[in-house]
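2 protein chains.
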Amino acid sequence: MSFQKLDELGHRIEALNHALAILGADEATHMAPGGGEARAEAMSALAGMAHRQAAAPEIADWIDAAEQEDLNGEQKAAISEFRRNYVNLTCLPADFVERQTRTRMRCEQLWREARGKGDWAGFLPALEGVIELAREEAQMRAEALGLAPYDALMEQFDPGNRTAEIAPVFEDLKSFLVDFVPNALEIQKTKRAQNPLRPLSGHYAVEKQRELGLAMMAAVGFDLTRGSLSVSHHPFCGGVPTDVRITTRYRSDEFLSSLMGILHETGHALYEQNLPKAWAHWPLGKARGMAMHESQSLFVEKQIGRNPAFWEWALPVVAKHLGEDWSMDEILPHVHHVERGLIRVDADEVTYPLHVILRFELEQDLIAGKLEAADLPEAWDAKMKAYLGLSTIDTPQDGPMQDVHWPSAAFGYFPSYTLGAMIAAQQWSAIEKDIPDVNAQFASGQFDAVNDWRRERIWSQGSRWSTPELIERATGEPLNAAHFKKHLEARYGQ
Amino acid sequence: MSFQKLDELGHRIEALNHALAILGADEATHMAPGGGEARAEAMSALAGMAHRQAAAPEIADWIDAAEQEDLNGEQKAAISEFRRNYVNLTCLPADFVERQTRTRMRCEQLWREARGKGDWAGFLPALEGVIELAREEAQMRAEALGLAPYDALMEQFDPGNRTAEIAPVFEDLKSFLVDFVPNALEIQKTKRAQNPLRPLSGHYAVEKQRELGLAMMAAVGFDLTRGSLSVSHHPFCGGVPTDVRITTRYRSDEFLSSLMGILHETGHALYEQNLPKAWAHWPLGKARGMAMHESQSLFVEKQIGRNPAFWEWALPVVAKHLGEDWSMDEILPHVHHVERGLIRVDADEVTYPLHVILRFELEQDLIAGKLEAADLPEAWDAKMKAYLGLSTIDTPQDGPMQDVHWPSAAFGYFPSYTLGAMIAAQQWSAIEKDIPDVNAQFASGQFDAVNDWRRERIWSQGSRWSTPELIERATGEPLNAAHFKKHLEARYGQ
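Line order of the protein sequences matches chains A and B. For any residue, its number in the numbering used here is found by taking its place in the first sequence, counting from 1, and adding 124. For any residue, its number in the numbering used here is found by taking its place in the second sequence, counting from 1, and adding 124.
A couple of the hints might just be wrong.
For chains that are exact copies, the list does not tell them apart, and a pair is met inside one copy or across any two.
Under the rule of at most 20 Å between Cα atoms (straight-line distance), these lysine to aspartate or glutamate pairs were calculated in the EDC-like manner [claimed, not checked]:
1) K410 <-> E161
2) K410 <-> D347
3) K509 <-> D572
4) K401 <-> E165
5) K557 <-> D527
6) K313 <-> E193
7) K313 <-> E601
8) K557 <-> E132
9) K410 <-> E165
10) K509 <-> E161
11) K509 <-> E252
12) K129 <-> E165
13) K241 <-> E138
14) K494 <-> D449
15) K315 <-> E193
16) K609 <-> E161
The set of hints was computed from the structure by calculation and includes no laboratory data. Treat the numbers as computed from the prediction; the structure is a model and nothing was measured.
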């Protein structure tokens with residue numbers, strides 16, 4: 125029976141992916157510094173095995189045959205994700221993938237060196253090589269999938285997302301934000317004049333911050349028997365659903381950034397820990413995609429963790445662990461601080477989308493051949509000035525050299541961040557309707573009802589629906605920027 | 125070229141073994157408790173992949189063909205280890221291995237339950253099943269390797285070791301120890317009467333013990349850029365040569381047991397860290413076997429770590445980290461404490477070999493069919509009385525239910541422990557000749573010359589020689605119990 129063969133294949137791939145996930149998390153947290161070369165060799169060999177097994181030619185026949193078999197609804201859904209996965213995996217010829225991997229890895233290495241020095245001229249030829257291959261890749265994916273080239277790239281990260289649907293929503297959000305950011309900053313200024321900011325600085329022992337983090341993780345639903353918190357240079361959520369590894373980094377002079385980071389990664393972790401167990405070894409059992417994943421992390425960080433109601437419960441918890449007694453009037457201005465800046469990863473929830481929309485617009489033009497890499501510094505600067513009133517023309521490290529995404533050929537990924545923020549706000553709107561006392565629940569440290577809501581509508585669905593379908597099924601309507609705008613207005617516009 | 129095919133196979137197997145080693149170490153140190161089931165599934169699937177790839181039928185042809193190719197000396201040695209490895213891997217039919225794995229795993233599970241209760245009657249049928257299959261296994265291995273059945277089992281752990289050579293050496297050691305143990309205990313008693321033991325008890329913070337352990341590891345040669353120390357329930361040395369994971373467990377009321385454990389595991393680690401890099405992905409590049417590995421751990425623990433000269437240097441280091449000032453007369457009686465006991469893993473270096481020789485004798489009879497499992501409690505008790513003057517007849521958990529080795533079908537492994545102790549002493553004799561001021565070096569914290577000696581003669585040789593060949597090449601003579609006896613007499617007999 126062909127379905128059985130695919131099911132067994134799923135177990136083999138799952139074993140390799142389990143190893144890759146744990147080896148990857150281990151590398152960032154516990155590996156000895158000298159272990160990197162052998163680790164890279166081992167992981168690349170394991171990834172090669174996983175790819176060869178998942179992309180073997182006979183699998184196409186198994187999928188065709190399985191579709192004719194007498195399957196239940198879940199199995200049919202599993203087959204359709206096996207097919208989507210297989211097509212996305214096999215639509216590029218092996219020699220192209222090898223060429224692209226080499227080009228991309230050289231560009232990433234060069235980027236690490238050149239970014240620090242702001243050496244755009246030294247970096248440009250490598251980036252040009254990556255873009256040229258990304259255009260080829262988009263073309264090949266487009267033909268295999270029957271999609272437009274940029275859509276075919278996005279399809280890897282968020283199945284079902286299409287520029288035709290996203291671009292107008294982003295356009296709408298952009299015009300809103302270009303006016304809203306200065307207003308929010310003005311409101312913040314007025315408030316600060318009346319109520320000056322009490323600095324959060326102090327000395328917060330790492331071990332106490334860690335205990336606070338673990339207490340918050342557990343409170344919002346992280347299952348500590350199936351996951352852990354450790355330290356890494358860049359925070360991440362990795363591992364496997366039965367053993368989710370989240371990390372943070374601590375500063376001893378300030379606790380809020382680490383705590384918010386832990387809540388963000390906890391949001392990712394909740395999605396992983398609550399995926400359907402029975403489908404764990406099928407593509408169907410994975411989280412839907414990057415935008416949905418980011419919506420879950422941003423929900424915990426922004427809709428829960430920066431919600432004033434949450435802080436009514438959280439302040440005494442912070443005080444208990446850190447021994448410092450803040451009032452709501454002192455903590456909330458930090459939690460809701462807005463600031464124009466050059467760096468996306470440092471941006472707050474008000475300015476962040478403009479960083480993403482800028483990249484979304486530029487990378488569409490790059491893939492379409494309407495923009496060349498050499499023209500990026502000017503194009504970036506022009507949009508940065510128009511959207512945030514800042515210039516990057518003299519500091520390419522703050523402009524097109526800022527992120528690893530382009531050097532590593534991840535075109536089509538950036539939209540996921542802001543789609544995630546919008547989906548999180550849209551979820552919040554739906555939850556406010558279904559659970560009218562949700563804020564009161566947060567204020568008393570109750571997160572079960574909200575987690576049940578998300579488990580039923582999102583987490584338990586795995587990859588059963590496309591991203592737009594899942595948004596609509598979970599929230600009752602298609603992606604709608606109105607919820608995110610309403611959220612920003614309520615929190616920052618008054 | 126067939127050698128090339130074997131070389132590439134080596135890289136693939138190495139990647140899987142790398143993953144298995146890190147996943148195994150991770151499981152004991154950092155895995156979330158709920159991660160065990162998925163981890164076991166993933167590891168068993170990866171082990172299956174490694175086995176299928178390493179045991180594929182075409183490999184026999186590659187090895188035959190490679191032997192006819194124009195190879196250098198290293199490559200010829202590599203082929204001969206590829207063949208040894210292949211024959212040992214493939215000499216049991218797959219259906220037998222499956223049956224044995226099931227039987228063994230059931231017996232191990234039962235052992236974990238039954239041991240605590242001392243439930244020999246409940247455990248016996250499962251052990252009988254394992255022994256029956258071990259006899260079959262020994263017969264099949266014997267036919268494939270042209271060896272006697274018990275020798276064929278030992279061959280898995282220590283290639284080249286033969287009962288005909290080991291049994292007389294053990295017999296010699298046993299008669300020595302049966303007299304020596306009471307003498308050593310008498311001498312100890314007399315000394316204690318003159319110089320009462322000052323207890324080592326106190327409160328030693330785990331973090332300080334850890335720093336002391338790391339300082340000692342680094343001093344005796346552990347490369348901290350290619351390995352680490354963490355905590356696990358059972359101490360072990362795992363990981364890969366570029367990232368060796370050693371573990372310990374700490375008691376806060378006593379520091380010596382953890383420190384000695386760390387030195388023991390560091391001995392294993394030094395062997396791994398200093399294996400020949402260029403051969404890392406061939407069977408030739410692995411450590412020679414269990415006896416040689418144990419000889420390296422026991423060398424660091426017993427020949428270095430319990431050497432009075434070492435303590436001249438180590439005492440101030442301990443004082444610096446733990447803040448407690450011991451004199452040599454206070455610490456050495458603890459370092460050299462001898463005590464008759466029922467439990468092998470708790471035994472000191474004087475009594476330990478009698479525990480091993482007892483098991484070596486019994487398991488030979490078990491495999492030969494001269495002894496049945498049902499008769500083990502009586503047979504064990506009789507030997508225990510004769511060798512150590514202790515009885516286990518009423519506590520089978522202290523007798524034949526003591527170790528995991530038999531439930532897990534590892535017959536032929538026990539001799540390695542005492543062979544390791546003898547090889548370590550024999551190495552020490554050879555080193556004393558080659559480095560006459562070795563004790564003075566230890567007393568000033570110098571371990572480089574001893575490590576260079578071991579690196580050249582043992583670590584860098586990988587699996588190039590059989591165990592007896594390696595012993596003779598490294599120390600200038602075949603295995604000889606005289607060195608170990610001399611060592612015990614010098615340390616405990618005066």
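Status of each hint after checking the structure:
In this assembly of identical chains, the alpha carbons of K410 and E161 lie at most 20 Å apart only when taken from different copies (18 Å versus 30 Å within one copy). Proximity of K410 and D347 under a CA criterion of 20 Å is satisfied intra-copy only: 18 Å inside one chain copy versus 40 Å between copies. For the homomeric pair K509 and D572, neither the shortest alpha-carbon distance inside one copy (44 Å) nor that between copies (62 Å) is at most 20 Å. Taking the shortest Cα distances, K401 and E165 sit within 20 Å of each other only across copies (14 Å), while inside one copy they are farther apart (31 Å).
Neither within a single protomer nor between protomers do K557 and D527 lie at most 20 Å apart by alpha-carbon distance, with minima of 38 Å and 61 Å respectively. In the homo-oligomer, the alpha carbons of K313 and E193 never lie at most 20 Å apart, since the shortest distance is 65 Å inside one protomer and 80 Å across protomers. With identical chains, the CA atoms of K313 and E601 are never at most 20 Å apart, being 36 Å at best within one copy and 85 Å at best between copies. In the homo-oligomer, the alpha carbons of K557 and E132 never lie at most 20 Å apart, since the shortest distance is 43 Å inside one protomer and 60 Å across protomers.
In this assembly of identical chains, K410 and E165 lie within 20 Å of each other by CA distance solely across copies; the values are 18 Å between and 26 Å within a copy. Neither within a single protomer nor between protomers do K509 and E161 lie at most 20 Å apart by alpha-carbon distance, with minima of 43 Å and 54 Å respectively. Proximity of K509 to E252 under the C-alpha cut-off of 20 Å is found in neither arrangement, the shortest distances being 25 Å within a copy and 80 Å between copies. Taking the shortest Cα distances, K129 and E165 sit within 20 Å of each other only across copies (18 Å), while inside one copy they are farther apart (29 Å).
Taking the closest pair of Cα atoms, K241 and E138 never come within 20 Å of each other, the shortest separation being 41 Å inside a single copy and 38 Å across copies. Taking CA atoms no more than 20 Å apart as the test, K494 paired with D449 passes in neither setting, with 55 Å inside one copy and 76 Å between copies. Within a single copy, K315 and E193 get their C-alpha atoms no closer than 66 Å, and across copies no closer than 82 Å, so neither meets the 20 Å cut-off. Neither within a single protomer nor between protomers do K609 and E161 lie at most 20 Å apart by alpha-carbon distance, with minima of 47 Å and 44 Å respectively.
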